[in-house]
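We have chain A already, so just place chains B, C and D on it with the hints.
Chains as they are written, first to last, in my numbering: chain A, 1 to 294; chain B, 1 to 294; chain C, 1 to 377; chain D, 1 to 377.
Misleading hints may appear alongside valid ones.
As the list claims (entries may be wrong) - Calculated pairs, SDA-like style, for lysine to any residue (alpha carbon to alpha carbon, straight line, at most 25 angstroms):
#, chain 1, residue 1, chain 2, residue 2
1, B, K285, C, A259
2, B, K285, C, R263
3, D, K375, B, G194
4, A, K285, C, L273
5, B, K285, C, R340
6, A, K285, C, R340
7, C, K375, A, V196
8, A, K285, C, N265
9, B, K285, D, K375
10, B, K285, C, K375
11, C, K375, D, K375
12, B, K49, C, N265
13, B, K285, C, L273
14, A, K285, D, K375
15, A, K285, D, E159
16, C, K375, B, D265
Keep in mind that the hints were calculated from the coordinates and are not lab data.
The model shown is predicted, which means the values in this text are computed figures rather than measured ones.
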Amino acid sequence: MTGAVDFRPNEDQRDLRRGIRELLAGRFGREALRAAVDGPGRVDRGLWKELGEAGFFALRLPEEEGGVGLGLPEAVLLFEEAGRALLPGPLVATHLAAGAVEGAAEGLTVVTEVSPEGLVPWLDAADVVRGDAAGAVPLRSVDPLTPLHRAPRTGRLSAGAVEAALLTAAEQVGTAAWCTDAAVAHAGRREQFGQVIGGFQAVKHLCAGMLVRTEVARAAVQAAAVTADRVEIAGAKLLADEAAVANARDCLQVHGGMGFTWEADVHLHLKRAWVRAALVLPGAKAAEEVASAL
Amino acid sequence: MTGAVDFRPNEDQRDLRRGIRELLAGRFGREALRAAVDGPGRVDRGLWKELGEAGFFALRLPEEEGGVGLGLPEAVLLFEEAGRALLPGPLVATHLAAGAVEGAAEGLTVVTEVSPEGLVPWLDAADVVRGDAAGAVPLRSVDPLTPLHRAPRTGRLSAGAVEAALLTAAEQVGTAAWCTDAAVAHAGRREQFGQVIGGFQAVKHLCAGMLVRTEVARAAVQAAAVTADRVEIAGAKLLADEAAVANARDCLQVHGGMGFTWEADVHLHLKRAWVRAALVLPGAKAAEEVASAL
Amino acid sequence: MDLSYTAEEEEFRARLREWLAAELPGLPPRPDPLDWPGRRAYDCGWQRRLYDAGYGHVHWDASPTQRLIFLEETERAGAPYVGANFVGLLHAGPTIAAEGTPEQRERWLEPVLRGDEVWCQGFSEPDAGSDLASLRTRAVRDGDAYVVTGQKIWTSHAEVADWCELLVRTDPEAPRHRGISWLALRMDAPGVTVRPLRTLAGSTEFAELFLDEVRVPVSHRVGEENDGWRVTMVTLSFERGTAFVGEVVACRRLLGELARTARENGTWDDPALRRRLGALAARFQALWRLTQRNVSEAQATGGVPGTGGSVFKLDYSHARQELYDAAADVLGPDALDLGREWNLDRLSSLSYTIAAGTSQIQRNIVAERILGLPKGR
Amino acid sequence: MDLSYTAEEEEFRARLREWLAAELPGLPPRPDPLDWPGRRAYDCGWQRRLYDAGYGHVHWDASPTQRLIFLEETERAGAPYVGANFVGLLHAGPTIAAEGTPEQRERWLEPVLRGDEVWCQGFSEPDAGSDLASLRTRAVRDGDAYVVTGQKIWTSHAEVADWCELLVRTDPEAPRHRGISWLALRMDAPGVTVRPLRTLAGSTEFAELFLDEVRVPVSHRVGEENDGWRVTMVTLSFERGTAFVGEVVACRRLLGELARTARENGTWDDPALRRRLGALAARFQALWRLTQRNVSEAQATGGVPGTGGSVFKLDYSHARQELYDAAADVLGPDALDLGREWNLDRLSSLSYTIAAGTSQIQRNIVAERILGLPKGR
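The following block holds chain A by itself, in its conformation from the complex:
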């Protein structure tokens, strides 16, 4: 009675995830997050190097090239953790540049990329820019943790862009999961009308819906990482975008007025979710991509 279709992360994968989670908890906890919000636009080079040493960028390089020799299934676990922690910086572009741009794999070079939608995150802070960012103009970014420029839209979806879509989707799952946890924690603590609000059906059902979106999106992202199928990745991006944005909004609703303050972290997740959704393979395009395979 054994079977190999085991969709759950295996022990090595769980160790890897635990490792990055602990690294982030130690190096990018809540204080570091709020410090980054207060002094935005800078990549923490020390942390970047530590990520490099932990194999975050070199994860999928072959061992003979100095990499960790793992694949997309492991990468989406790491990027989900990065998304959950709201880790700033052009993580996806640097990860994809490992092996192609010197120093990227080690976390010594910060790499950004012009997205197919013509958005360039972290242009000023990056050492290397992939793609044509000539004439890019700065935006007043909605996300205090992601500086943005606009360049002409290319529209093309390169093979790299497909992987970027998947890793970005994994970050969205991290946000969806964080929002679920935060809403449940708040609902179990905040009292109104003589009881914790988590006892009210209206709040419980919001939280249940958040979990459902997270689980469906996570299954989609992890499966797409295993198959690396272009259509399955597009579908995963679509579901992960929806889960991240909808969960951030529901999390805000559960938090009530507290969630509307700058001090609460939920708005940072919502804004980042909007950025990630727009950066690569936004909703309508992802849906078209899946439809084209029907």
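Relative to the frame of chain A, chains B, C and D by itself:
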């Protein structure tokens, strides 16, 4: 401190509504409704004539032509009542034929019309068919109370079709309101887990949503009846269709298993709502019509 | 995370696929949906073929992955569903296997596997919908029998069933969940009346069951007296586990058909509808992956489906209703024609957010049992 | 059902329109959104112009229809909002007018109408969000004064206000709603500290208010001691009445701008987006009609807004959020640019389903007070 923008029905209008409601309660109560379901496809000529005598069809004919001399604002009140009662037969087409087709105003002639979408209700039972129904083929109608044929689609939206859309929207408001009332009544009666289910927030909030949809759609329909503006009518049809279909589904959900039986009336409202939505100015077309005026 | 199969599993799939290809052409024609005896004979005949080929036991003894492969391949090949054998194979059978005495297992299991005996389910009652534990059908001990009186509803295949798995109240004084017992009822026992129940789809796939002082031998009780609620939960967890695998495969096939029809009738040119179909395809693909994950977890925990079932059912039931709404938009005015494919299925799908636990109840389960939010209202 | 206006009302509209056309060009430039004293001066200056022209009283004495016309025309002409005078004109003022003594009306109303004094609202507390009645700020009687200690939140214009309408608990032993009183607090009284509160939109339009043994004369209590809850409900019913008229007019104007932008940048060619804008236009048109109906009802019942306000607010708050989501899709990548119109408004709109009663609370109100469903959880 008096003002004339009085959007509420005036006393005459309330009397008119009360009159038709009482007529329908007496002549088309629940037993008659279920009898019509069990023996479908027949127009009750006696009731049709009574409707004619009550001015249902001649309502908007000038008094000098033997009509009641009223307008669309009064007509939408009557059609909301007809929709609430699920009154069968080509009511809209016969009403619109009053003055143009002999006997229509008096309820002696049953008139149907080919809808712009190419649907013909009550083709076999009607005395007169307006539009080209040549080659129309019968469908196995989803609504047991509305026999349907399909003819070639014309797509054109004549002035008559705009009025048909408004009166059909008024019927949809009737369904939306009936479903709200039925759900609230059931929720206040049915006990589960030791209390009436209307005490559970999940059920209460479904019911509240139903009322909101009904009120918004009713305001839209009544205002469109006053202005007779083509764009406002399209918007009203869109909102009324959505309210009728969504409320019927929520009503079914509140009723649980009981709502899934043939014996419950809620499915008759859902099916009729689907038919009315498809007959004239279906959702996408109505939305385009409103958008075109932006 | 691994979606590949072992050589052994791939061989299981290949053999099954080969067998299906050889067997299906020889099946008798499908009976009319309203011909209940015909449907019973057809479904039981199919179960007998499975049994003879060594697949009769697949829902019970095979690994979750093998069961997944079985459901996937039979659906893909267009093989018959479990049909009339649903309760016997997926509800009553597993319950008896897990909780019955050796004599009970001996008596009842083999006939189910061979397609000789059909079971139906007598759980729901008109006044106990979502609140199953409030059931009122009473069983009073009289010597070596229970005397059962009450009413059940939503019993499928009741007209042609041999047995009914029945929940009754044996201790009216005990708290709600405590006084319930699980009985096997012979459907031809005196005092049993079956009345067909018409649904809004116009069909009579369900029935009401009236029980008027029906005698059930005490030896037909599975599990201890008053322990029926726990026994039942075992059954229900099976229902919420992998029971929907075939349905998800069917939905993915339906999406392909919808796209084909839309390309033919021109609605594919409407980007709004096209993207909606794309989004639904993404969702059902994800639900398929979620099923695989639930099966992985069930396999790891020894075959017991976890709470993932509630998460799955919540999204699946709404997604499937949205699928038929999209189908209606592809069909346009033809969506009003019950003579066209999908429209009757659309009506049936209206029960998905209600049956086997309403979406409201499922959300409570997810919030309380998985997220740990307090019980409340 | 009549949507036409009397000759008198049409004349009111024509005169107002003429006055606005003459007056608006002479207004000083709008101050920076973060320049609070500048905003106060601008808003009070505008109120003074209204007062001098005979419109200062329009929110209080005019018929609901005239008020509707006033709000419609000022929004259409792009005139300033009530701004810093919001609480004085629409909350505290009407409360004092209805419940105050002749001396209190004499003291407080005229300065509000003339734009001389600004009020803010001290209702919400950090631990009493939706559950306003659980407020904990305490007022202890000491001679002819109350000594007030506690904390308020979501107080807008607090930095520049002269007065604060304050809810305090005067009887801690009484049931929740019973021990509350309504006080007028001087903002420069010793012990009052204002701390700006930054919202997720990055702005500081709200503040926290810290009260440390602040002395408020007993003569500044409006209504009886411990009767503040009832007094407050009068105020809140004003808020939920026609307060949103200008906003609905603004949304309809925004839809026109969106359509223009969409036609310019090509997104109008996407039927999905185009229909979404059409559907939103239908919805805001209906909300406008619903407002007119609510006003008709208020007029008929002597000016008191009915429960229609909850119905309106529920749909409006969600529709407006959907409007900004559609705006984001029109803008595409530019939706991430706070330098572009609408994007800051989108952030602000996130509070609409929370502030002044969350959508969850509004649904309770609709279900219980309008539909008569039982109180529960």
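Here is how each hint holds up against the structure:
Proposed proximity of K285 (chain B) and A259 (chain C) is supported: the alpha carbons are some 22 angstroms apart, at most 25 angstroms. Taking the CA atoms of K285 (chain B) and R263 (chain C), the gap is about 20 angstroms. The hint holds against a cut of 25 angstroms. For the hint pairing K375 (chain D) with G194 (chain B), the CA-to-CA distance comes to about 15 angstroms; that is within 25 angstroms, so the pair holds. Taking the CA atoms of K285 (chain A) and L273 (chain C), the gap is near 14 angstroms; set against the 25 angstroms cutoff, the hint holds.
At most 25 angstroms may separate the alpha-carbon atoms for a hinted pair to count; K285 (chain B) and R340 (chain C) meet this at roughly 23 angstroms. For a cut-off of 25 angstroms, the pair hint linking K285 (chain A) to R340 (chain C) is broken: about 32 angstroms separates their Cα positions. Under the criterion of a C-alpha separation no larger than 25 angstroms, the hint pairing K375 (chain C) with V196 (chain A) is consistent with the structure, at around 11 angstroms. At most 25 angstroms may separate the alpha-carbon atoms for a hinted pair to count; K285 (chain A) and N265 (chain C) meet this at roughly 23 angstroms.
This hinted pair does not check out: K285 (chain B) and K375 (chain D) have alpha carbons roughly 42 angstroms apart, beyond 25 angstroms. A C-alpha spacing of about 46 angstroms is found between K285 (chain B) and K375 (chain C), which places the hinted pair above 25 angstroms, so the restraint is violated. The hinted pair formed by K375 (chain C) and K375 (chain D) meets the criterion: a straight-line CA distance of about 18 angstroms does not exceed 25 angstroms. The straight-line distance between the Cα atoms of K49 (chain B) and N265 (chain C) is roughly 42 angstroms, outside the 25 angstroms bound, and the hint therefore fails.
For the hint linking K285 (chain B) to L273 (chain C), the alpha-carbon distance of about 13 angstroms falls within 25 angstroms, and the restraint holds. Taking the CA atoms of K285 (chain A) and K375 (chain D), the gap is near 46 angstroms; set against the 25 angstroms cutoff, the hint is violated. In summary, the hint linking K285 (chain A) to E159 (chain D) is not supported, as the alpha carbons are separated by about 47 angstroms, beyond the 25 angstroms threshold. About 34 angstroms separates the Cα atoms of K375 (chain C) and D265 (chain B), which puts this hinted pair outside 25 angstroms; it is violated.
Hint violations for this structure: numbers 6, 9, 10, 12, 14, 15, 16, all remaining hints satisfied.
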